[in-house]
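Peer 1: Each chain, written out:
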Amino acid sequence: MNYTDILTSKFEPETTGTTIMAVIYDGGLIIGADSRTSSGQFVADRCADKIDYVHDRIFCLRSGSAADTQAIAKYVRYYIDAHAQELGRLPAVATAANLFRNFLYEYKDSLSAAIIVAGWDPYKGPQIFTLPLGGSVIEQKWSIGGSGSTFIWGFCDSNYKENMTLQEARAFVLHAVAHAMYRDGSSGGIIRLLNVTKDKIEREFIDYKDVPVK
Amino acid sequence: MSGSMYDLSVATYSQEGRIYQVEYATKAVENSETVIGVKCKDGVILGAEKQKFSRLLEDNTNKRIYNIDLQTGMALCGKLPDGRNILQRAKAESSQYQDMYAIPASAHVLSDRVAQYVHAYTMYSGVRPFGSATFIASYNTFDGYELYMIEPSGNKYAYHACTHGKGRAVCKSEFERRNFKDLTCQEALVYIAKMLILAHEEFKEKKYEYEMTWITDNNGRKHQNVPQDLINNAVQQAEQLIEQDQIGE
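So the sequence lines, in the order shown, correspond to chains A and B. Letter by letter, the first sequence follows residues 1 to 214 in full-length UniProt numbering. Letter by letter, the second sequence follows residues 1 to 249 in full-length UniProt numbering.
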């Protein structure tokens, strides 16, 4: 593919063909994502951050069209901010999921977006909501998404346990995402992890050399 | 007290900085039947007196206390049709809020929305202020029991006891005397009835009905009518209490 092709031809829409994952453990949840944003075969961003801030303890993982998911996340961030101001306390994760869902459902014909909403709230603790293409909402204890997730269903089904410790959950997410990146052409780069608990958010960056499967 | 030329429109201030139309609207509420809201140890009670102004009236019609949702109730004081307009708005706000945010609207949010609506009608010359004060009582797991009153001016405050209407002075003095925070809702019913009866001292000969609703730990924390037999007992006991007080005097 030469330089003029990139400049003159119609781009493949920039997608987060991706691997995203969230797992609830005993005391919080771990979020993991790869860092590749591809535009066809061209890697537009090799160190992207697919873990988007929605509120202090609510995050969303984006897959599908990067433009669509970024636009929706921006709206939801704004609505949740206004809502939390009026409410005077932390918003419910279910509220964020509902706001995302309204977009995905009402505009399903125009959008290509699948989102995982994961976070902690003082009402129900850590929660994960999967929002696939059509705009449905499923609450789950663990969720994987993006093109890379297809390669790790077996791994995840075999290795997931309820009430894991933080270390177990972190290792689970790290290895699962690494395995997906190994086999999926649209996933790659570095691994980003996020630990969400009642008291704090901890971000982690796993450099390429430390990715366990390569 | 005459407003001279400054009371013709709600969009006009008087020279002393008053808005007469809003004050007149409040007068309309002050001259109407009494409504009480009280927070007790284990819940909230809303109570209203209703004069049976005609023998042709069916019992228990012309409700003044409604549900906004399962755990939120609204009592209307003043002009009932005006109050019902506000109620419709509150129901719509509550329902749309729940639809959008997937959680029930807390009383402090709902009362804020209602207050903004009521206030909007005090800003334009083409409309008149609502001649109705509304009481919002609710329970939710995070904020517990809440009680708010919104006046025709759009002012809203959270209360642990509030009242409006003809008998408000009587009720307020009863609030001073009795610490409702130490009474359960069941125990407080008698005193609510007593306040509502005393509120219409001058019209003793007329027939009255009493409408009471509550949200308590004992009724699943839902906003429901107090069972009629409990109301009747409370009224009977209240009448005795009043007689004793009068004999004492």
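Wrong hints could be hidden among the right ones.
Stated by the list, open to error - Residues on chain B that point at chain A, a partial pick, calculated with CB under 7 angstroms:
| id | residue |
| --- | --- |
| 1 | 101 |
| 2 | 102 |
| 3 | 103 |
| 4 | 109 |
As the list claims (entries may be wrong) - Derived CB-CB ranges, DEER-like:
| id | chain 1 | residue 1 | chain 2 | residue 2 | range |
| --- | --- | --- | --- | --- | --- |
| 5 | A | 67 | B | 18 | 31 to 37 angstroms |
| 6 | B | 95 | A | 213 | 49 to 55 angstroms |
| 7 | A | 109 | B | 70 | 46 to 52 angstroms |
| 8 | B | 99 | A | 41 | 39 to 45 angstroms |
| 9 | A | 124 | B | 181 | 43 to 49 angstroms |
| 10 | B | 179 | A | 204 | 53 to 59 angstroms |
Since the hints were made in silico from the structure, they are not lab data. Every residue gets a Cβ at the ideal spot worked out from N, C-alpha and C, and that includes glycine.
Peer 1: Hints first: check each against the structure and report whether it holds.
Peer 2: Going through the hints against the structure:
{"no.": "1", "hint": "101", "result": "holds (5 angstroms)"}
{"no.": "2", "hint": "102", "result": "holds (4 angstroms)"}
{"no.": "3", "hint": "103", "result": "holds (5 angstroms)"}
{"no.": "4", "hint": "109", "result": "holds (6 angstroms)"}
{"no.": "5", "hint": "A/67 to B/18: 31 to 37 angstroms", "result": "violated (55 angstroms)"}
{"no.": "6", "hint": "B/95 to A/213: 49 to 55 angstroms", "result": "holds (50 angstroms)"}
{"no.": "7", "hint": "A/109 to B/70: 46 to 52 angstroms", "result": "violated (35 angstroms)"}
{"no.": "8", "hint": "B/99 to A/41: 39 to 45 angstroms", "result": "holds (43 angstroms)"}
{"no.": "9", "hint": "A/124 to B/181: 43 to 49 angstroms", "result": "violated (30 angstroms)"}
{"no.": "10", "hint": "B/179 to A/204: 53 to 59 angstroms", "result": "holds (55 angstroms)"}
Taken one by one, the earlier hints fail for this structure at numbers 5, 7, 9, listed in ascending order.
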